[in-house]
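Visitor: Okay, so the sequence shown: first residue is 1 according to our numbering, each after it adds one.
Simulated from the structure, these hints should not be mistaken for lab results. As the structure is a prediction and not an experimental result, all values here were calculated from the model. Each residue gets a CB set at the ideal place from its N, CA and C atoms; glycine is no exception. Be careful, since some hints might not be right.
[As the list claims (entries may be wrong)] If you anchor each label on the Cβ, the simulated ranges turn out as follows:
1) 36 with 72: 21 to 31 Å
2) 100 with 159: 13 to 23 Å
3) 263 with 68: 20 to 30 Å
4) 38 with 85: 19 to 29 Å
5) 282 with 23: 34 to 44 Å
6) 108 with 179: 39 to 49 Å
7) 160 with 128: 15 to 25 Å
8) 266 with 66: 39 to 49 Å
9) 143 with 204: 36 to 46 Å
10) 282 with 66: 28 to 38 Å
11) 23 with 224: 19 to 29 Å
12) 29 with 67: 13 to 23 Å
13) 34 with 13: 18 to 28 Å
14) 266 with 26: 19 to 29 Å
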Amino acid sequence: MIIDFHTHIFPPHVREGREGYVRRDVTFAEIYGSPRAKIATAEELLRSMDEAGVEVSVALGFAWRDHQDCVRHNDYLLEAAGKSGGRIVPFCTVNPLAGEAAAREVERCAGGGARGLGELRPDSQGWPLDGPAGDVLAELASRHGLILLFHVTEPVGHEYPGKQGLRLESFYRFAVGHHQLKLVGAHLAGGLAFFRDFVDEMGRLGRDTLIDTAAWDLIYRNRAAVWQYVIQTFDSRRTVFGSDFPLVGQATAIEHIQRHTKSWSQAALTRVFGGNAQRLLGGPVN
């Protein structure tokens with residue numbers, strides 16, 4: 001079973017009214033301001049899954065600044081998941097700056113079938129993960145059994161739309177301080193895997209702190225070396241497949257990983273393409 005742990009879908013009205021959302025949300029404008037930036041719906045994700053042989057996809061929300069924009073997007077994610085027959089797993093989003101309204105929204109989404117929160121971008125929304133809002137988020141995730149998936153920014157390298165979202169050091173401190181939570185750092189967690197040989201405290205990460213592979217081939221240059229390092233140091237047991245659809249096509253993402261992991265064992269590939277995701281989601285899905 002192939003599980004894509006990192007995809008994005010939006011309600012149709014966001015694509016149709018793109019210009020209005022560009023004016024009202026600075027992060028949306030940065031990532032989706034260009035008409036060439038792809039915005040996909042649930043129907044398009046399901047078609048992509050059929051073509052790529054993906055059984056289940058985690059569909060992520062967007063880190064809107066406005067609370068009601070989060071709510072409307074969450075409504076769409078929950079509805080799409082309900083109609084998908086289990087093929088779409090919803091991860092919703094909130095802005096903790098909304099206070100009690102955000103906490104109620106997390107409870108509503110968890111009751112409606114959300115399995116996690118993401119893609120979380122604390123720096124983009126204007127709240128520090130290292131502060132009280134991070135502790136509240138951790139408590140909500142623990143209370144409702146939710147996975148937290150963060151966009152993590154690699155500290156060096158080229159700039160691109162949407163790069164900034166959460167500093168690597170902030171993600172690391174949060175993961176160490178809340179090692180009992182289920183956490184996923186997107187985009188190889190901003191390069192966290194590459195520090196394992198050099199940081200003694202890496203062993204303090206919880207068993208359920210994982211990285212996803214979303215858009216890795218757009219970020220990292222020496223692709224063969226990247227995968228050799230990930231498998232040898234960070235461990236295939238801590239890695240889940242993510243495409244970043246529609247930015248990267250699902251079939252393309254699968255092919256790119258397979259091309260650069262020919263030396264991996266079948267067991268390692270099985271873990272990355274589905275086994276780890278099933279464990280993190282709490283057992284069999286779909």
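Visitor: Check the following: the C-beta atoms of residue 160 and residue 128 are separated by a distance inside 15 to 25 Å.
Guide: Check passed, 23 Å falls within 15 to 25 Å.
Visitor: Quick one: are residue 38 and residue 85 within 19 to 29 Å, going by C-beta?
Guide: Hint holds: Cβ distance 25 Å, inside 19 to 29 Å.
Visitor: Do residue 266 and residue 26 keep their Cβ atoms within the hinted range of 19 to 29 Å?
Guide: This hint is violated: roughly 45 Å between Cβ atoms.
Visitor: Residue 282 and residue 66, beta-carbon distance inside 28 to 38 Å?
Guide: holds (31 Å)
Visitor: Within 39 to 49 Å or not, the Cβ separation of residue 266 and residue 66?
Guide: The hint (39 to 49 Å, Cβ to Cβ) holds, given that residue 266 and residue 66 are roughly 46 Å apart.
Visitor: Evaluate the given range 21 to 31 Å for the C-beta pair formed by residue 36 and residue 72.
Guide: Given about 25 Å between the Cβ atoms, the range holds.
Visitor: If I claimed the Cβ atoms of residue 100 and residue 159 lie 13 to 23 Å apart, would that claim hold in this structure?
Guide: violated (36 Å)
Visitor: CB of residue 143 to CB of residue 204, is that within 36 to 46 Å?
Guide: violated (23 Å)
Visitor: Given the range 20 to 30 Å, decide if the beta-carbon distance of residue 263 to residue 68 lies inside it.
Guide: violated (49 Å)
Visitor: Looking only at beta-carbon atoms, does the pair residue 23, residue 224 fall within the given range of 19 to 29 Å?
Guide: violated (43 Å)
Visitor: Given a hint of 18 to 28 Å, does the C-beta separation of residue 34 and residue 13 actually sit inside it?
Guide: holds (19 Å)
Visitor: With respect to the beta-carbon atoms only, verify the hint that residue 29 and residue 67 lie 13 to 23 Å apart.
Guide: Check passed, 18 Å falls within 13 to 23 Å.
Comparing the model with each earlier hint shows violations of hints 2, 3, 6, 9, 11, 14; every other hint is respected.
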